[in-house]
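Here the protein sequences line up with chains F and H, keeping their order.
Residues in the first sequence are numbered from -17 upward in steps of one, following the working numbering.
Residues in the second sequence are numbered from -17 upward in steps of one, following the working numbering.
Hint data in this document are derived by calculation from the structure and do not stem from the laboratory.
Careful, some of the hints might be misleading.
If you anchor each label on the Cβ, the simulated ranges turn out as follows [to be verified]:
id, chain 1, residue 1, chain 2, residue 2, range
1, H, R285, F, A218, 37 to 45 Å
2, F, G1, H, E207, 34 to 42 Å
3, F, E111, H, S291, 40 to 48 Å
4, F, L20, H, R236, 47 to 55 Å
5, H, E296, F, R236, 25 to 33 Å
6, F, R84, H, R236, 21 to 29 Å
7, F, G200, H, V113, 38 to 46 Å
For each residue, glycine too, the CB sits at the ideal point set by N, CA and C.
Protein chains: 2
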Amino acid sequence: MQADGYPENPVLVRVQRAGLVESVHRGAWCLVDSSGDLLAGEGRFEDPFFVRSSIKSIQALPLFETGAVERFAFTPEEVALAIASHSGEACHTEQVQRTLERLELSIDDLRCGAHQPNDPDVRFTLRAEGVQPTALHNNCSGKHAGFLALAKHLEVPLERYLDPESEGQRLARAALADLTGAAEETLLPGIDGCSAPTYRVPLRGLATAFARIATPDGLEPGRAEYFRRMTAAARANPVLIAGSHRRIDTDILRATEGRLFAKIGAEAIYAIGVCGGDRGLALKVDDGGLRGLHAFVMGLVDRLGLLVSDDEREALARWNDPVLRNHAGLEVGRVEPVLP
Amino acid sequence: MQADGYPENPVLVRVQRAGLVESVHRGAWCLVDSSGDLLAGEGRFEDPFFVRSSIKSIQALPLFETGAVERFAFTPEEVALAIASHSGEACHTEQVQRTLERLELSIDDLRCGAHQPNDPDVRFTLRAEGVQPTALHNNCSGKHAGFLALAKHLEVPLERYLDPESEGQRLARAALADLTGAAEETLLPGIDGCSAPTYRVPLRGLATAFARIATPDGLEPGRAEYFRRMTAAARANPVLIAGSHRRIDTDILRATEGRLFAKIGAEAIYAIGVCGGDRGLALKVDDGGLRGLHAFVMGLVDRLGLLVSDDEREALARWNDPVLRNHAGLEVGRVEPVLP
């Protein structure tokens, strides 16, 4: 730690112009197995970071473990949306709307707030029609439908479903502690963009959790089965997990046919579990920006051997193109990951 | 310098959630007077960075010094656009179009390329009308109209007006060396976003140049007069310098009635000259992002005493609001500059 309380992390991405470094993105990352043993890493990966949306699959675990997912007959599509950060396309918003109706709830029960959808075509259409986005367009609306189902099942008053001390949120926090190995008393709630509680976990713990989610053989059998259902739902519905326009999670799921279970979180936190491969990767870009995240993740995944064929590399090549072109189409520089 | 060739700069902005640091933006800055004497600074401000669009006023100097600005009767509005990074609004594109017509040139002579305009309303309207942006919408189109006038005046073939070794660009590079104190042989051209040559200059030299531009008393009388005309054109036309929607340069010019001559460049390089105050400020955010730049600039300007009234502070308060709210409107954190 430096004096101002923030770790000095290494440069993960260099943005070059004319062969000279113009900007950099720093950060930390690590690769572990499901016992948490470190296989590779750089920077302050033992330091805690807010896990944000990266751990939606863990936040969905109580939905399964309490039986709510069976009682309310969640489909694989609804499971995918419960663990998604979606782009607000019709396939996302209409499904969440139907889920709420089946739960005898309405959009007014969602406490996630509204924001402009990530999908540029949907943003344009809303504006062209003079329509404001609703809570259904919030990238977390599927997670909130899941939280509401859980609250209903547990008889938690619906207006308290985001309270960190409500039963559903306590179960989610306990699951986060279990999966990451963090002591539960170290998990102090911050407020996420969607008003759900979010917690800080060391990157190494986040990577360990993703190794376990993707290769759950060592977990208690029920939990293992639930994570298999979640990763299967993601594999079968990659567009529901993120979106159809330039979303790295969707593209990784598609290119690897779900073998890499990848999930982004706000402020450039990222986690990948290798399904059946006993590996988990977590990383955080210090500045929280997508340019560094996108450029580094794909180079790192390839370097660590997590892509297994040229077909996969080709399908993901758009995320791994270092050439920086200007508005006239001239090559002016490169955005290059600094790989181990 | 660390081993990977990039300076380790201090944290300029902390993004906090629940009182804990979630992300940071690093960088360097310095404040000097017009003799280049250091008054304050942090980080590697002696290291060179690409100056990008921050130095458009210096790139416009040959337009004045060769007499082209008189020959072609540039108005203050045209001078403002020649030193602008504009948002592609009608007031910008129509003026550049008129300038090109008067020069007996056309949009086809512009070599800056086209990009979606910075202004969100213009972007929306273009898309709604099914119209592609043109080179007029390029934020640098006014600068290119100036370059073309210069090339025409110097009888440089128009297709060579961006060639670093063409006479106009050589004059611009010599002016950059003069104003910043950089040895001309250290100025090796990179290609800017608009295909013009761009050079690396130590932040301290950039700050010195801005002190001189804004308080040109020590310069050769002609040059002093030209910079006074440029800063007066910016003062009189703050919207032409950037735009009407959330542009920090326009807002600083307006709030200070032109006393602070501020200019942004790509990858978060920034420079401010204090008109009549013999001070120049330059800064670069390592990650090249606007969040860090916006949060730090305004706090720093106030801390350094460059804002002189509560009216100015109030007019710029929107740029200096540390509260981070989520989509439901809850306060979830702060974006705080780390001030000297």
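If you test the structure against every hint from before, which numbers come out violated?
Of the numbered hints given earlier, those the structure breaks are 1, 5, 6, 7, listed in rising order.
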